[in-house]
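K.L.:
These protein sequence lines map, in sequence, to chains Y and L.
Residues in the first sequence are numbered consecutively from 343, following my numbering.
Residues in the second sequence are numbered consecutively from 12, following my numbering.
Among the clues, some could well be false.
[Unchecked claim] For the chain Y half of the interface with chain L, some residues (derived, Cβ under 8 angstroms), not all of them:
id : residue
1  : Ala789
2  : Leu792
3  : Val793
4  : Trp814
5  : Ile825
6  : Val833
7  : Asp963
8  : Leu970
9  : Pro996
10 : Glu1132
11 : Gln1143
12 : Thr1145
Keep in mind that the hints were calculated from the coordinates and are not lab data.
The C-beta atom is built at its ideal place from N, Cα and C for all residues, glycine as well.
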Amino acid sequence: MPDGRLERILRGFGDVRGREARAALSLSAFFFLITFTFYIIKPVKESFLIGTAPTWWPFAELATALLIGFVVALNARLLDRLPRRTYLTASLLFFIASLLAFWFVFDVHQRSLVTTPVADVSGIFFFLWAQITILNSWQVLVIVFCFWADIFIALSVTQFWIAVNDIFDPHQAKRLVGLFVAGGLFGGIAGSGAAALVTFARVLHAEDLLLVCPVLLVLALVVINVVYAEQRKIDTAVGDERIARGFKVGYLESFRAVRRDRYLRLLAAMLASSMVAGSLINYQFKTVVKSFVTNDQQRTAAIAVFFLIILAVSTVFHLLTTGRVLRTYGIRWAILVAPAFLLLGSAAVFLIPAGAMLAWACFVRGSDKSFDNTLSQSVRELLYIPVSADVKYRAKLFIDMFVSKFATGLGAALFLLLYYTRMFGYRADQPLAVVREIGLVVLVFLALWLVLTRLVYREYPAVLKKDLGRLWVPGQDVVDEHIDERLVREVFEAIQSRERSTTLYYMNLFNLVRSNNLTPELKELLGIKRDEIKARAMDALFDVGGGAFFPGLDEAITDTEFQKEIDFIFLLPSYQKIMDDRLGGIVASPSEVDRIEAANSICRMTPSPSTMEALTRLLQDPSPDVVLYALNSASVHRRREHLPLIVRQLANPPTAAEAQTALAAYGPDVLGFIAPILRSADEPLEIRRAIPDVLARIGTQKAADILVAELARRLDDMEQPLVDALYKLRAARPEVRFRAKDLRPELLHLIVKACDLVTDPPGPPDAGKAQLDIRIRRVFDLLTLLYPREEIVNDYQNILQGTAKSVDYSLEHLDNLLDREVKELLFPLIEDLPAGERCLRLKKALRLK
Amino acid sequence: MIIKTREIDNVVVFDVEGEIRRTDTAQETLHSLVEAQLDRGRRNVLLNLGGVEFIDSFGVGQILASYISTQNLGGRLKLCKISHKLLLIFQITMLTKVLDIHEDCDRALESFGKA
Chain Y
343 MPDGRLERIL RGFGDVRGRE ARAALSLSAF FFLITFTFYI IKPVKESFLI GTAPTWWPFA
403 ELATALLIGF VVALNARLLD RLPRRTYLTA SLLFFIASLL AFWFVFDVHQ RSLVTTPVAD
463 VSGIFFFLWA QITILNSWQV LVIVFCFWAD IFIALSVTQF WIAVNDIFDP HQAKRLVGLF
523 VAGGLFGGIA GSGAAALVTF ARVLHAEDLL LVCPVLLVLA LVVINVVYAE QRKIDTAVGD
583 ERIARGFKVG YLESFRAVRR DRYLRLLAAM LASSMVAGSL INYQFKTVVK SFVTNDQQRT
643 AAIAVFFLII LAVSTVFHLL TTGRVLRTYG IRWAILVAPA FLLLGSAAVF LIPAGAMLAW
703 ACFVRGSDKS FDNTLSQSVR ELLYIPVSAD VKYRAKLFID MFVSKFATGL GAALFLLLYY
763 TRMFGYRADQ PLAVVREIGL VVLVFLALWL VLTRLVYREY PAVLKKDLGR LWVPGQDVVD
823 EHIDERLVRE VFEAIQSRER STTLYYMNLF NLVRSNNLTP ELKELLGIKR DEIKARAMDA
883 LFDVGGGAFF PGLDEAITDT EFQKEIDFIF LLPSYQKIMD DRLGGIVASP SEVDRIEAAN
943 SICRMTPSPS TMEALTRLLQ DPSPDVVLYA LNSASVHRRR EHLPLIVRQL ANPPTAAEAQ
1003 TALAAYGPDV LGFIAPILRS ADEPLEIRRA IPDVLARIGT QKAADILVAE LARRLDDMEQ
1063 PLVDALYKLR AARPEVRFRA KDLRPELLHL IVKACDLVTD PPGPPDAGKA QLDIRIRRVF
1123 DLLTLLYPRE EIVNDYQNIL QGTAKSVDYS LEHLDNLLDR EVKELLFPLI EDLPAGERCL
1183 RLKKALRLK
Chain L
12 MIIKTREIDN VVVFDVEGEI RRTDTAQETL HSLVEAQLDR GRRNVLLNLG GVEFIDSFGV
72 GQILASYIST QNLGGRLKLC KISHKLLLIF QITMLTKVLD IHEDCDRALE SFGKA
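With the sequences and hints as input, model every part of the structure.
P.N.:
Structure, rendered in structure tokens:
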């Protein structure tokens, strides 16, 4: 069947895409066959066990709890030593052989004789011995069979999920989990349906059903080998090593892996509490069934029907609800559903009459099994996914096999304790009272389960984030880390000014020396000699001109002393007066160099009216170089009357950056002046587009509020500088707060605009993609204002340029971080989807919005 | 200043001639030209400064702004054929720690493919 058609058919069960359809279907079929087998075995097991005395019931689970460790150790060793396919094949062959052996045992018991033909006389003695042993040790054999069945299902399910993790990435697995669980459910329905049918119709005895199971397991064997063989071919073709190269897994290592990791310990504890509660609920169910259904064959049939109904309900629930709950509410709420529901259901035992007991028991046990088959199982597997692969295999082994069985055993031990301390053996006529007493313990463990779900979920995002790091450092951070940008610009200005004017050059040198950041190499480059600089300052004072006034001064003067001396000179009233008097003439000078020198000098002068008037004129100078120095001086004096002139320079590309710096130097006091300009449609667009960066540099709460208010006006021409400024402000000032109620509408508006580019492309595909990338970038920039910045930046970078795995992790992390409305619109834009599919999903999301 | 743009493989090359100075700037600055290419989805930018004799503080600002814009998008900006005098100034001001500078433009183009 072509992949496209297969994909469409499978879409009803999960979000299946492209080439993964075949592997997904095969794995689902594998799971189907496993559960088909198990649900034939299960009613046989349950019925045989209930047929024994209640004191034997816990021993089945206790045997599992005590012996599971050895099984886990052996399994771990096999996983460690064998290639995956060999391991899976060997396991299945073992189960097939043991099923045949158990059928023989049950056949002997049921007939109370051996009918198997023998070819050799010595064989007769063996079979006689076997018959006697079987008949005399029936309860023990039932316990052994129960233990074997538990191992079978635990190992098989674990192996299935290991295969899923081998073949698929985390986000793929999450999308496909619905299909897998559906496969399992249909298998369970088929198994319990077959068991119910043949036992009700008395076509076969219960134990003869076991002969069907080996056939199913052989099919499962074939399927899993095909899946691995095909995946190996795909990996070789694309150069991807997706199938794990047999991680070394020892039992102790498994234990240590869990012990070392808080998240895994919490997962183990959560699973354990759910299993203890489930085990006790099962004992409540058994107690009620034993008191209501006494005939063996009827009991087997009833249990088969019970499981059939449960599985049918689970399937419907799963198809309609599991995926929807996960997509809509995420793991955060999905993880709570089962314990909360069971808590309410279990508490109801204290309110029901005796006549309703069977219905109640079926309801609670049925709910427990239904959740276990659907939502809880899906959530549990998803909680494992972000754990790194090598730890995951070890941990899963320990938790799924040892911890779960140990917890079930603990439930069995608690039941035994209650049985003997509360004398259940003498109260067989009081099933409701017995069930209620067990119910008290159930409620304790359900409450514990609820608490642990919260703790686990609190750790989940941190586990996801571990694998997400920055792929690149933002440009401004790189610049800030390595250079002093202002100093670099001043060095270049100083070098340039050397060609223009000696005075200007030394003025610039003085500024550089004052900044105290000059390396020896820079000083050498600039030819700084203190004596000469000092001399030039005196030169300016006395207007001498020509060579150094004080040649060859050799005093050892420290930089700070030197600065003080120069400051002293410039602050001399006589110097100030001379400069003040001369400024008026210099400002009108036709020489650009004179005007530059004047503009530069003003920063060191006291702000007398004439000096400020001179600065006003220099700020309007036709030469950008003059304006540059005038802006610098304006930023020192910070006079209100200069603001309109500085703002005007924002429209002039050669001086715009310096104008922004000058405005930012005014600090928060300038906000009242520039905010109306930002809002006014009468002002030139270049000026308005330059103001957001000034606001970002000022970085106060009020500046942030102004930016957000302007963003809310939704003017297309202003969108880019506003979003850039908000992003910059958030990076520089984490203490500034942004209100979700103000920003969310703008965030959604931006996302919708991005969606419109997809659903209604304005031009050729290439241009459309570039525009879409820009829009998505702006969306993520805004997301940093509402969510943890570092996480959003990491997610964005990994989605843009990460590996397939890190893209998946980023999507999963965002899935757990963002709210539903944002996700529904954003995810179709950032997930790797075919164009048609993307468009469809966006149209649907936009319609719903 | 004259800036010509061309594309080689997936690298946008800006051939700059003249002086990158404040007084010699049209409405379209070097940074605005680089940003226009980034908006078109280009992520690899090479500034060929073989024809540049002089850069003032404005020019340095334009180069740094172009670098920041490119880097923020996960792209790469490199320089090539910078004069010895300018290279010395770049080294002393530590700009070489930020900017990837190549002597030869062909090698610079190759380096985009290797990373």
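K.L.:
Per the CB criterion, is Y/Leu792 less than 8 angstroms away from chain L?
P.N.:
43 angstroms, violated
K.L.:
Min Cβ distance, Y/Trp814 to chain L: is it shorter than 8 angstroms?
P.N.:
5 angstroms, holds
K.L.:
At a threshold of 8 angstroms, is the proposed contact between Y/Asp963 and chain L supported by beta-carbon distances?
P.N.:
12 angstroms, violated
K.L.:
Double-check Y/Leu970 for me: the hint is only fine if its C-beta lies closer than 8 angstroms to a C-beta in chain L.
P.N.:
Because about 7 angstroms separates Y/Leu970 from the closest Cβ in chain L, which is inside the 8 angstroms limit, the hint holds.
K.L.:
Holds or violated: Y/Ile825 as interface residue toward chain L, Cβ cutoff 8 angstroms?
P.N.:
5 angstroms, holds
K.L.:
Is the hint on Y/Gln1143 kept, meaning its closest Cβ partner in chain L is under 8 angstroms away?
P.N.:
At 5 angstroms from the nearest chain L Cβ, Y/Gln1143 passes the 8 angstroms test, so the hint holds.
K.L.:
Under the criterion of a CB-CB separation shorter than 8 angstroms, is Y/Pro996 in contact with chain L as hinted?
P.N.:
At 4 angstroms from the nearest chain L Cβ, Y/Pro996 passes the 8 angstroms test, so the hint holds.
K.L.:
Measuring from the C-beta of Y/Val793 to each C-beta in chain L, is the shortest one below 8 angstroms?
P.N.:
42 angstroms, violated
K.L.:
Using Cβ atoms only, decide whether Y/Thr1145 comes closer than 8 angstroms to chain L, and label the hint accordingly.
P.N.:
14 angstroms, violated
K.L.:
Is the interface hint for Y/Ala789 satisfied, with its Cβ closer than 8 angstroms to some Cβ of chain L?
P.N.:
Result: violated, 48 angstroms to nearest chain L Cβ.
K.L.:
If you take the shortest Cβ to Cβ gap from Y/Val833 to chain L, is it below 8 angstroms?
P.N.:
5 angstroms, holds
K.L.:
Hold the hint about Y/Glu1132 up to the distance rule: shortest CB distance to chain L must be less than 8 angstroms.
P.N.:
15 angstroms, violated
In terms of the numbered hints stated before, the structure departs from hints 1, 2, 3, 7, 10, 12, listed from lowest to highest.
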